[in-house]
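K.L.:
Sequence:
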Amino acid sequence: MKSLKLGLAGLLLSAAPALAETLVMSSWLPPRHPIVVNAFEPWAEQIAEATEGRVTVRIMARPLGSPPAHFDMARDGVADITYGLHSFVEDDRFNRSRVGQFSFLGDDAIENSKAFWDIYRNQLDAEDEHQGTHLLGLFMHGPGLLHNNVRRIESPSDMQGLKIRVPGGYVAELVGALGAAPLFMSSPEVYERLSRGVIDGVAFTYEAMTAFNLVDHIKYSMTVPGGIYNTTWFVVMNEAKWNSLSEEDRAAIDAVSGEAFAELVGQAWNDADTAAMEEIGDRVDFYEAPEAVVDALREAAGRIEQEWIESLGDDYDGAAALAAFRERTGVAVE
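Yeah, the sequence shown ends on 334 if you go by my numbering, and it's all consecutive.
No lab work stands behind these hints, which were simulated from the structure alone. Treat the numbers as computed from the prediction; the structure is a model and nothing was measured. We put the CB at the ideal spot given by N, CA and C, even for glycine. Certain hints may be false.
What the hints assert, rightly or not - List time: in silico EDC-like cross-link candidates among lysine to aspartate or glutamate, alpha-carbon distance up to 16 Å:
{"hint": "1", "residue 1": "K241", "residue 2": "D76"}
{"hint": "2", "residue 1": "K241", "residue 2": "D72"}
{"hint": "3", "residue 1": "K219", "residue 2": "E288"}
{"hint": "4", "residue 1": "K219", "residue 2": "E154"}
As the list claims (entries may be wrong) - Quick list of simulated restraints, FRET-style, between CB atoms:
{"hint": "5", "residue 1": "R152", "residue 2": "V333", "range": "30 to 40 Å"}
{"hint": "6", "residue 1": "D72", "residue 2": "R121", "range": "26 to 36 Å"}
{"hint": "7", "residue 1": "E52", "residue 2": "G302", "range": "48 to 58 Å"}
{"hint": "8", "residue 1": "E41", "residue 2": "P188", "range": "13 to 23 Å"}
{"hint": "9", "residue 1": "S246", "residue 2": "M277", "range": "19 to 29 Å"}
{"hint": "10", "residue 1": "D282", "residue 2": "S186", "range": "27 to 37 Å"}
{"hint": "11", "residue 1": "E52", "residue 2": "V24", "range": "12 to 22 Å"}
{"hint": "12", "residue 1": "A48", "residue 2": "P225", "range": "39 to 49 Å"}
{"hint": "13", "residue 1": "R152", "residue 2": "E248", "range": "48 to 58 Å"}
{"hint": "14", "residue 1": "D282", "residue 2": "D315", "range": "48 to 58 Å"}
{"hint": "15", "residue 1": "A240", "residue 2": "R283", "range": "46 to 56 Å"}
{"hint": "16", "residue 1": "E310", "residue 2": "D271", "range": "35 to 45 Å"}
Please put together the full structure from these sequences, using the hints given.
P.N.:
Printed below as a string of structure tokens:
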């Protein structure tokens, strides 16, 4: 009888791993990046706990493809879960996500991310723009700055001729409208290009300056209330893989994703920005954009926003979505 019990226990233990589903998540940020450590890894732990170990997430130390390829990788089943910036793609498949990329949207990554999750999904049908995947998360980082190593931007003309790295999307149009030359590249490429003088500056957050070791190559960093720009991010899962999970496990994963994940990752961004500012100290000249520059930003931003609103046609009310966003985050645009 004892041998029989031990044999049954062994069979159960050997069968247990087969019952668990391990989801592979491709990750292109550095493994010690604060968003990986303080958002994606805790979220993976929450999924394991919520599903009582039936579903686990394995975050890859190296990506399975380039950062711009990550949405397609999830859609096509190269990875189970991926994340990335909407602006990294070369087409306009995520056009409506721009509601979270404009200037003067908010300084708090938690409130920005929660507003983006709500408004993009409910007013602009985010799921439709992420077909082939299950949408697990939408979020934004803290307010975007313009960093450069040439000069302070005291007037709009000071932007002329500067070669600025951009993450694509709205900020590329904005930088170009202000007279600079926008150059697209993904985050991991910036250090080499900046240190070699290929670019003069970069559109980035506070935390990216330390996360990508840029501090020694930046002299001036310009801010505006509500952010010069923002980037919008997705977290998606291959649709077929999602549908293969039990209804119970899908509900459990959704419960720790969506708005809950927006708050988790927003807090991670806020904390990372604060830590970066403390680490940088006075090694970089941080300054608020002068009134003339803010006016030029506002004019260019308003023109680009209106073009985006018109591009949506009669199907979606971009003006109402933007107004609702700024009402949520408490930003008034004069």
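K.L.:
Now, for every hint given, state plainly whether the structure supports it.
P.N.:
Results for each hint:
1. K241 / D76: holds, 11 Å
2. K241 / D72: holds, 14 Å
3. K219 / E288: With a Cα-Cα distance of about 14 Å, the restraint between K219 and E288 holds, given a limit of 16 Å.
4. K219 / E154: holds, 14 Å
5. R152 / V333: 30 to 40 Å: violated, 24 Å
6. D72 / R121: 26 to 36 Å: violated, 21 Å
7. E52 / G302: 48 to 58 Å: The hinted range 48 to 58 Å holds for E52 and G302, with Cβ atoms some 51 Å apart.
8. E41 / P188: 13 to 23 Å: Roughly 19 Å apart at Cβ, these two residues keep to the hinted range, so it holds.
9. S246 / M277: 19 to 29 Å: violated, 45 Å
10. D282 / S186: 27 to 37 Å: holds, 30 Å
11. E52 / V24: 12 to 22 Å: Distance hint for E52, V24 holds at roughly 20 Å.
12. A48 / P225: 39 to 49 Å: holds, 40 Å
13. R152 / E248: 48 to 58 Å: The hinted range 48 to 58 Å holds for R152 and E248, with Cβ atoms some 57 Å apart.
14. D282 / D315: 48 to 58 Å: holds, 50 Å
15. A240 / R283: 46 to 56 Å: The hint (46 to 56 Å, Cβ to Cβ) holds, given that A240 and R283 are roughly 49 Å apart.
16. E310 / D271: 35 to 45 Å: Given range 35 to 45 Å: holds, Cβ gap about 38 Å.
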